[in-house]
Amino acid sequence: MRQIRATPLGWVIWAVVVFFFVNLAGVVLSVLVSSFGTKWFDTWFPSGFTTQWYGDAWREFTLFHVIVVTLLVSALVVVLSVLVGAPAAYVLARKNFPGKRLVYLTFLLPILMPPITYGIPLATVLYKFGFAGHLSGVVLANLVPSVPFVILTMTPFIEQVDPRIEDAARMLGAGTRAVFLKILAPLLVPGLLASAILVLVRTVGMFELTFLTAGPDSQTLVVALYYSMSAAGIRAQQSVDAMAVIYTGMMLVLLVVALRFVNPTQLVARVKEEPSE
Amino acid sequence: MSATWQHRLAERGVDRRLWLLLPATIFVLLLFVYPFLYGLSLSFQPTDGGGVLANYSKFFSDAYQRDTIATTLKIALPAALLNVLAAVPIAFRLRGRFRGKRLLTTILVVPITLGTVLTAQGLLNYLGPTGWLNRLLLSLHIVDDPIRLTNNYWGVFFSLVITGFPFAFLLVLSYLSGIDPTLERAAATLGASRAQRFRRITLPLLAPGLATTFLLTFVLAFSVFPSAVLVGNPAGSTRVISLAAYQAAYEQYDYSYASAIAMVMGAVELVVVAIVLVWRSRLYTGSTGGKG
Amino acid sequence: PNKPATESSGDVPDKPAKAVTLNILDVAGNLQLTQGMIDDFVKQHSDVISKVTYSKGPAPELAGKIKAQQNANRVDIDLVLTGTDGLAAGREQGLWTDLLTKYSDRLPGMKDYLPPAQKMQELGGKEGVTVTYYPSGPLLEYMPSKVPTPPKTADDLLAYAKANKGKVMYARPANSGPGRTFLMGLPYILGDKDPKDPVNGWDKTWAYLKELNQYVDFYPSGTADTMKSLANGSANIIASTTGWDINPRVLGTVPKEAAITPIQGFHWVTDAHYAVVPKGVSTDKQAAILQLLQFMLTPEQQAKAYDKGYFYPGPAIKGVELAQAPQESKDAITEFGRPEYDKLIADNPTEVPLDAKALVAAFDKWDREVGGSKVKSQ
Amino acid sequence: MSGFDQLRLDGVTRRFGAADALVGLDLTIERGEFIALLGPSGCGKSTALNCLAGLLPLTAGAIWQDDQRIDTLPPEKRGFGMVFQNYALFPHLTVRDNIAFGLRMRHLPKDDVRRRTTEAIEMVQLIEHASKLPGQLSGGQQQRVAIARATVLEPTLVLMDEPLSNLDAKLRLEMRTEIRRLHQSLGLTTVYVTHDQEEALSMADRLVVMRQGKVQQIGTPEEVHTKPSTWHVADFMGYRNLLPLKASQMNGDQVTVDLGGTAIRGSAQGAVAPGDDVIAAVRPEDVKLSDQGVKGLVEVVEYQGRERAVEVVLDGGGQDDPVRLHVRTEQRVEAGEQVALTVTPGRLLVYPS
Amino acid sequence: MSGFDQLRLDGVTRRFGAADALVGLDLTIERGEFIALLGPSGCGKSTALNCLAGLLPLTAGAIWQDDQRIDTLPPEKRGFGMVFQNYALFPHLTVRDNIAFGLRMRHLPKDDVRRRTTEAIEMVQLIEHASKLPGQLSGGQQQRVAIARATVLEPTLVLMDEPLSNLDAKLRLEMRTEIRRLHQSLGLTTVYVTHDQEEALSMADRLVVMRQGKVQQIGTPEEVHTKPSTWHVADFMGYRNLLPLKASQMNGDQVTVDLGGTAIRGSAQGAVAPGDDVIAAVRPEDVKLSDQGVKGLVEVVEYQGRERAVEVVLDGGGQDDPVRLHVRTEQRVEAGEQVALTVTPGRLLVYPS
Ligand SMILES: Nc1ncnc2c1ncn2[C@@H]1O[C@H](COP(=O)(O)OP(=O)(O)OP(=O)(O)O)[C@@H](O)[C@H]1O
Ligand SMILES: Nc1ncnc2c1ncn2[C@@H]1O[C@H](COP(=O)(O)OP(=O)(O)OP(=O)(O)O)[C@@H](O)[C@H]1O
Ligand SMILES: [Mg+2]
Ligand SMILES: [Mg+2]
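Chains as they are written, first to last, in the numbering used here: chain V, 377 to 653; chain E, -11 to 280; chain G, 1493 to 1870; chain B, 60 to 412; chain H, 60 to 412.
Simulated from the structure, these hints should not be mistaken for laboratory data. A quick note: this is a predicted structure, and the numbers were derived from the prediction, not measured. Misleading hints may appear alongside valid ones.
In silico DSS-like cross-links for lysine-lysine, where the CA-CA straight-line distance does not exceed 25 Å [as the list claims (entries may be wrong)]:
#1 G:Lys1857 <-> E:Lys46
#2 G:Lys1702 <-> G:Lys1857
#3 G:Lys1810 <-> G:Lys1603
#4 G:Lys1702 <-> G:Lys1657
#5 H:Lys191 <-> H:Lys229
#6 H:Lys191 <-> B:Lys347
#7 H:Lys191 <-> B:Lys273
#8 H:Lys229 <-> B:Lys286
#9 G:Lys1507 <-> G:Lys1594
#10 G:Lys1638 <-> V:Lys415
#11 G:Lys1748 <-> E:Lys46
#12 G:Lys1618 <-> G:Lys1849
#13 V:Lys471 <-> H:Lys305
#14 B:Lys191 <-> V:Lys558
#15 G:Lys1618 <-> V:Lys415
#16 V:Lys415 <-> G:Lys1748
#17 G:Lys1688 <-> G:Lys1849
#18 V:Lys558 <-> B:Lys136
#19 G:Lys1857 <-> V:Lys504
#20 G:Lys1685 <-> G:Lys1857
#21 G:Lys1696 <-> G:Lys1644
#22 G:Lys1771 <-> G:Lys1507
#23 G:Lys1810 <-> G:Lys1822
#24 H:Lys191 <-> B:Lys191
#25 G:Lys1594 <-> G:Lys1657
#26 G:Lys1696 <-> G:Lys1654
#27 H:Lys347 <-> H:Lys305
#28 H:Lys229 <-> B:Lys229
#29 B:Lys273 <-> H:Lys347
#30 B:Lys229 <-> H:Lys191
#31 H:Lys229 <-> B:Lys347
#32 E:Lys89 <-> B:Lys191
#33 B:Lys136 <-> V:Lys471
#34 B:Lys229 <-> H:Lys347
#35 H:Lys273 <-> B:Lys305
#36 G:Lys1748 <-> G:Lys1638
#37 G:Lys1810 <-> G:Lys1618
#38 V:Lys558 <-> B:Lys169
#39 G:Lys1507 <-> G:Lys1543
#40 G:Lys1835 <-> G:Lys1822
Whenever a hint applies, use it, and build me the whole structure from the sequences.
If you want it as structure tokens, here you go:
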């Protein structure tokens, strides 16, 4: 096991990191404290504590249902976008073919273009085919930016894998599917995990497309959160804080679960890792 | 198809494996390209009449609107750069094995879960004039008046760093994991110091990944919207272009104009992206020895 | 998953052939006032409406959503509860069903509107049915401990702002009810040429706002932020309305001691919530909605609109007393309400807000010339 | 895919950009043959193997398996096995799983997989390393895993790219025998790339000698060893002494050349006429130290175990371009000694230059 | 870092988890020496080299450079050059830039860098490939780049891990000479890992023979070749015939053993007493086919160019455990022939078993 080596530059970097996190902790705690506070005026801490805001939010938005929907939507989006995106990333990383630039551009655009440009016609299409207003519509709409996102993040990872490894698998009789499942997937675990987490974060946080395509049963947490934040009318500051904490809590659970399954720094080259000291 | 043809095509990269592109292509064509073209054509049909390009000339002839491009770039470029640049040394230090590594990585990635709203609320609470930070500074007599860190440029900037850094970090760390440490060791035996090894070996091999990371963080920062409103000064110094589009669409209900602004927004992004991609395409982008 | 769109253009029967389920979308926070009424109706008339699903969302994206559904011929939002902005946006896009031309006789409750509510109903046109109403503002809210002698006039306010830089605050009008009420109320207070024409008739207002702007640090993006600033002492005087005065104090986000003061010569710029039905909703459902709305416009139901002062007073029709309100409501308003409101409401004239076009023009002008000027001056 | 009778390469060509890595390779491989591709570094051996395996698309030419054209089939459909020059082990799989991979792809029963994998691991003597990852193995160990991984499948055609280059002499001998044994007992057909002539000579039924992407000679080991078709092949096959000389006399295919003032007989390989510039080729082991013959001065002596490699500068060569002869001998000689050399009769080959 | 006089490895030990890869290596390297580490695959050669280079931290022991302890110095501070077994070329740099890398790190003038790089590229015969990336090179070409990259720096100590294993015989010979030449003309000190005895014998001043992480013998090539200290070393050094026999008679260090009914003299290596079980070791080339001597039946004949490798089963050996002798001969024999064998006097070594 290696200790983090302490070069002067190292100290500076860690100092900056620590400073960043101390302040970040302040940011997060201030919301957390506020969400449990009764009244908090010009003082260090609220004058009392309560869980009332959580209860209110829970009832008002039937949050249990909303959270279930959110989890379902994000899980589906993550899985589908990886399934659709990773093979395309593979082709873009490995091959040169006529028209590659055009294809690449087409995959880039959905990330660049704000949903304002295509959200409403997209929702129309989805309503026309009976997807919107239902979970499937929300999932499909969210896939639009997610699939290109996976493609873009995965491409460099795939480039890093030595193609001869794949050749070897093919020579052993592995078809494309087997090459993907048995060779590439394990080697790309860090990449898959990174892009899955990022897609997850984006999906859970994607308000616009979700709102446009969601029906009453398929609202996700972010819609409730945006509503509580920006709907006309009066809402206690603390209840917005409580919603934000619920949102973050859910994401945190998802992230920790994801990190339990796979370690982001799990190196395939781990065996060649820097010698331990 | 004759075998000769097949060889010709295979040499140019056209072979069976191209089918893998199909699902994603169909998907994007069906669910994106059509709606997008619709939006594009909408931007050429101004609500108030005028020529095809009326929306665009309206945008560019109005300094109030046009300036949003510069405003946005002024926020997005530094934030994206900072995120990527800060992620590199930290990720670099987290390679290899040591105690507590997993915990440390998790902590570094955690801010990704915060979301814009919590970040915004937190920044307002914590950095606000009566927030903990100002309270501390005041009670330690470091400052006399509360410093303003929210509802201006800095608020938005911080929020972009908080949400963008873990994102960049996660990607950089993962890209870094694909580089064979033996290469660095080889460089060490050739007399390269730590800094030189980093600069000459790790960085070039990492660069394509960095380019991608920068692109993604830049795109996220460029379309910054909720935090520009919540912790920025949406009427003034943080009136970003997405806000202009939003106002056109949802305050003035001029979807055509909004589409045009969004198209301009996309085009500006595309310029930056294209520059980075051209740069990236000149880099070495192959096996980095780490995975095989 | 979606029900196919059934007949939506023919005559609306008195009663749906069989009990319908309704999807109600609230983009104005109106359900806080009216959900009790709706639930009661479903309980009592399950032969008309068997079930209601509620969803909530922010207003601006509403029009887009309905539009997408209508373009695809699959409307699955049956009733929208909205403020004036959502109503106008939808009307501009032709999203709403004209209910009142043919069926206003099915809504006898509409005859009992309070006079200002009646005026608001005129804004609602033939599509929107006013369900709740309040006189709104503009009012100034302040902490008596910090501001012993509150400004009485517009000039006082300016003087105070000048003397206490950054301590007077109102939110960006486009994002804030009190903010826009303040904006729309100023022409009356300052005696502008045409209070309904922000572009050509508001010379004094714009001059006033620009001057005030010099003493304002920034404009928060929501009323909540101004309330918070008032509560934690970083602002001393903020723009407010009746509802924004009472409800946050009930909720505890603003200290109970906060006080309000009217500005001399002000007119109430009123506000209301509407119920609208998107085009494409089946006639059966329209029938059910008409019955529901009529139910909601009865005094017993309207009394629920007192709520906790959120839309104080709230009821849109005449003769609804606080005494009829649920106990919770009564307690909250007894403790946090202000006796002076009755007199202020009675003594000051009421005005309808700007229509959508004028309002957008006012926002745009404010953004460019008041809020936006900050960019240059920094 | 069951076996085949014949595999025919027909003008197989592969270009990288403007450079030809492999030009018009014609070769017929009979079932059960053991063929070695031999040639200097960079001559296109690996390229040929990759084309055969289907890993590189051809620029031109065709590959026929009996009557079926297979050069358009993807590698996994050809059913060939391959040992890669850089091993290409799966870094995330243990030794055992690497070796079992192909069997698993064929969906064999679990027990079979285990049994055959274990046998293969034993064959390459890696039992105690079976659960290590490739990164934890030494170079030679990795190479053995690669061999086991390819042969455990008993494919109809096995392609091996310098499979023994990282092994020590003892193990190399053992593995050679093992590979030949596998080849015979399983009835495999093998194409084997090597840069080691001894390996090629001892293992292969036929050799293909290549140079700069082109085939130089195809023949049995004995043919290639004793009658290299060009001086390039001779050079590569260990005729370390390549002397630019002049042919003086011809007698049938016997040529006489003049070496350091002494006339020596050699056999002409190709069209040689008296007076021509020729290249005379002879192996170090066919030059003997003796009492008489060509005279020279020992310049370098290298110990090589039983024998010594000696470099002798012939007397009478030009000052700036001295003629050197490489000699192998068991005799003890020292640098600086004066010696005389004879060439074993019949072992000098004379090529047109 | 200027030169040093002595490099001392003092009980250098490296463990991977529970497994010892290298145990207590003691070795003193004098300035200017050429030392070869030799041993079977996986014996710890690369590990030793990596420890010396500073790429693997030691588990125990120390390394001294004259009076300075250097095992805690990072690799770049030691100033050693290294050729890696798997090349470790920088994939993003061209051949030229790979080779120039070390020179650039030393901030030499541009012209110097260019000149020396070009020289090095010429030395390894890669001029026409100078601007290719490593991924576009053949295996042997890559290896040559690795050699050039390490030697162009003319470091005080050069570590080479099987630098020639992927090269063909001809090139290998040339590179050998080139490396020796560099070693001598630049006054380098070289530690050279190889699995090829011939290479080790011909290049090194001293050999270190290892087995399972431990040093078996350190000595000059001649010592190791003619007097291997244990039968393991003998085995590895090409004594392919290792026969478990019984010692019958002793005379000084001359032992008589019984082989297929014939008494043969050998020299005892270590404590051997009459009646002991011993292992007799002899090289194939020291067993001769003759008219008399031990009788046997030719089982396998392998063509190896000029010579043949012959396997003879001795008469009178047990049915299930026949005694086999490996012989090298220039004579033509056929499998199935009956032959007689003699052992060159003094070439049979007898070890306690
Ligand atoms: N990272 C590691 N983890 C575990 N075991 C290792 C590791 N690296 C090497 N070993 C083991 O240590 C032993 C010595 O390895 P080393 O690479 O030194 O062998 P070598 O003598 O160079 O062999 P070769 O000639 O095959 O290259 C081997 O058995 C190997 O499996
Ligand atoms: N991808 C490529 N791009 C360009 N040139 C290449 C590529 N791959 C191989 N070459 C070139 O083609 C030639 C033949 O390469 P090949 O790998 O077949 O050689 P080889 O005979 O296997 O040599 P070695 O014995 O050194 O492995 C070499 O000169 C090499 O540089
Ligand atoms: Mg090769
Ligand atoms: Mg090794």
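Cross-check of the supplied hints:
Between the alpha carbons of Lys1857 (chain G) and Lys46 (chain E) the distance comes to roughly 16 Å, so the proposed pair stays at or under 25 Å and holds. Our distance criterion of 25 Å between C-alpha atoms is met by Lys1702 (chain G) and Lys1857 (chain G), whose separation comes to about 11 Å. A C-alpha spacing of about 9 Å is found between Lys1810 (chain G) and Lys1603 (chain G), which places the hinted pair at or below 25 Å, so the restraint holds. Note on Lys1702 (chain G) and Lys1657 (chain G): the hinted pairing holds, with a Cα-Cα distance of about 14 Å set against a maximum of 25 Å.
A hinted pair counts as satisfied when its Cα atoms are at most 25 Å apart, and Lys191 (chain H) with Lys229 (chain H) qualifies at roughly 24 Å. Under the criterion of a C-alpha separation no larger than 25 Å, the hint pairing Lys191 (chain H) with Lys347 (chain B) is inconsistent with the structure, at around 44 Å. Proximity of Lys191 (chain H) to Lys273 (chain B) is assessed by CA-CA distance (about 21 Å); at most 25 Å being required, the pair is judged to hold. For the suggested pair Lys229 (chain H) and Lys286 (chain B), the alpha carbons sit about 18 Å apart, so the restraint of at most 25 Å is met.
The straight-line distance between the Cα atoms of Lys1507 (chain G) and Lys1594 (chain G) is roughly 15 Å, inside the 25 Å bound, and the hint therefore holds. Of the supplied pair hints, the one linking Lys1638 (chain G) and Lys415 (chain V) holds, its CA atoms being roughly 19 Å apart against a limit of 25 Å. With a C-alpha separation of about 49 Å, the suggested pairing of Lys1748 (chain G) with Lys46 (chain E) is violated against the 25 Å cut-off. Between the alpha carbons of Lys1618 (chain G) and Lys1849 (chain G) the distance comes to roughly 18 Å, so the proposed pair stays at or under 25 Å and holds.
For the hint pairing Lys471 (chain V) with Lys305 (chain H), the CA-to-CA distance comes to about 67 Å; that exceeds 25 Å, so the pair is violated. Distance check on the hinted pair: Lys191 (chain B) and Lys558 (chain V) sit about 18 Å apart at the alpha-carbon level, within 25 Å; holds. Between Lys1618 (chain G) and Lys415 (chain V) the CA atoms are separated by roughly 44 Å; this puts the pair beyond 25 Å, and the hint is violated. For the hint linking Lys415 (chain V) to Lys1748 (chain G), the alpha-carbon distance of about 10 Å falls within 25 Å, and the restraint holds.
For the proposed pair Lys1688 (chain G) and Lys1849 (chain G), the alpha carbon gap of about 11 Å is at most 25 Å, so the pair holds. For the hint linking Lys558 (chain V) to Lys136 (chain B), the alpha-carbon distance of about 18 Å falls within 25 Å, and the restraint holds. Proximity of Lys1857 (chain G) to Lys504 (chain V) is assessed by CA-CA distance (about 39 Å); at most 25 Å being required, the pair is judged violated. As the CA atoms of Lys1685 (chain G) and Lys1857 (chain G) are separated by approximately 17 Å, the hinted pair is consistent with the 25 Å bound.
Using a Cα cut-off of 25 Å, the hinted pair Lys1696 (chain G) and Lys1644 (chain G) holds, with the two alpha carbons roughly 18 Å apart. Annotation: proposed proximity of Lys1771 (chain G) to Lys1507 (chain G) holds, straight-line Cα distance about 19 Å (limit 25 Å). Simply put, Lys1810 (chain G) and Lys1822 (chain G) have alpha-carbon atoms about 18 Å apart, close enough for the 25 Å limit, and the pair holds. Between Lys191 (chain H) and Lys191 (chain B), the direct Cα distance comes to roughly 35 Å. Violation of the 25 Å bound is thereby established for this hinted pair.
For the hint pairing Lys1594 (chain G) with Lys1657 (chain G), the CA-to-CA distance comes to about 56 Å; that exceeds 25 Å, so the pair is violated. A C-alpha spacing of about 18 Å is found between Lys1696 (chain G) and Lys1654 (chain G), which places the hinted pair at or below 25 Å, so the restraint holds. Only pairs whose Cα atoms come within 25 Å are accepted, and Lys347 (chain H) paired with Lys305 (chain H) is accepted, the gap being roughly 22 Å. A hinted pair counts as satisfied when its Cα atoms are at most 25 Å apart, and Lys229 (chain H) with Lys229 (chain B) qualifies at roughly 21 Å.
With a C-alpha separation of about 41 Å, the suggested pairing of Lys273 (chain B) with Lys347 (chain H) is violated against the 25 Å cut-off. Our distance criterion of 25 Å between C-alpha atoms is broken by Lys229 (chain B) and Lys191 (chain H), whose separation comes to about 36 Å. This hinted pair checks out: Lys229 (chain H) and Lys347 (chain B) have alpha carbons roughly 21 Å apart, not beyond 25 Å. Of the pairs offered as hints, the one joining Lys89 (chain E) and Lys191 (chain B) holds, with about 24 Å between alpha carbons and a cut-off of 25 Å not exceeded.
Of the supplied pair hints, the one linking Lys136 (chain B) and Lys471 (chain V) holds, its CA atoms being roughly 21 Å apart against a limit of 25 Å. For the proposed pair Lys229 (chain B) and Lys347 (chain H), the alpha carbon gap of about 21 Å is at most 25 Å, so the pair holds. Distance restraint check for Lys273 (chain H) and Lys305 (chain B): the Cα-Cα separation of roughly 56 Å exceeds the 25 Å cut-off, and the hinted pair is therefore not satisfied. At roughly 14 Å between alpha-carbon atoms, Lys1748 (chain G) and Lys1638 (chain G) fall within 25 Å of each other, so this suggested pair holds.
Restraint check: the Cα-Cα separation between Lys1810 (chain G) and Lys1618 (chain G) comes to about 21 Å, which is no more than 25 Å; the hinted pair holds. Distance check on the hinted pair: Lys558 (chain V) and Lys169 (chain B) sit about 17 Å apart at the alpha-carbon level, within 25 Å; holds. Of the pairs offered as hints, the one joining Lys1507 (chain G) and Lys1543 (chain G) holds, with about 16 Å between alpha carbons and a cut-off of 25 Å not exceeded. Under the criterion of a C-alpha separation no larger than 25 Å, the hint pairing Lys1835 (chain G) with Lys1822 (chain G) is consistent with the structure, at around 19 Å.
Violated hints, in rising order: 6, 11, 13, 15, 19, 24, 25, 29, 30 and 35; the structure is consistent with all others.
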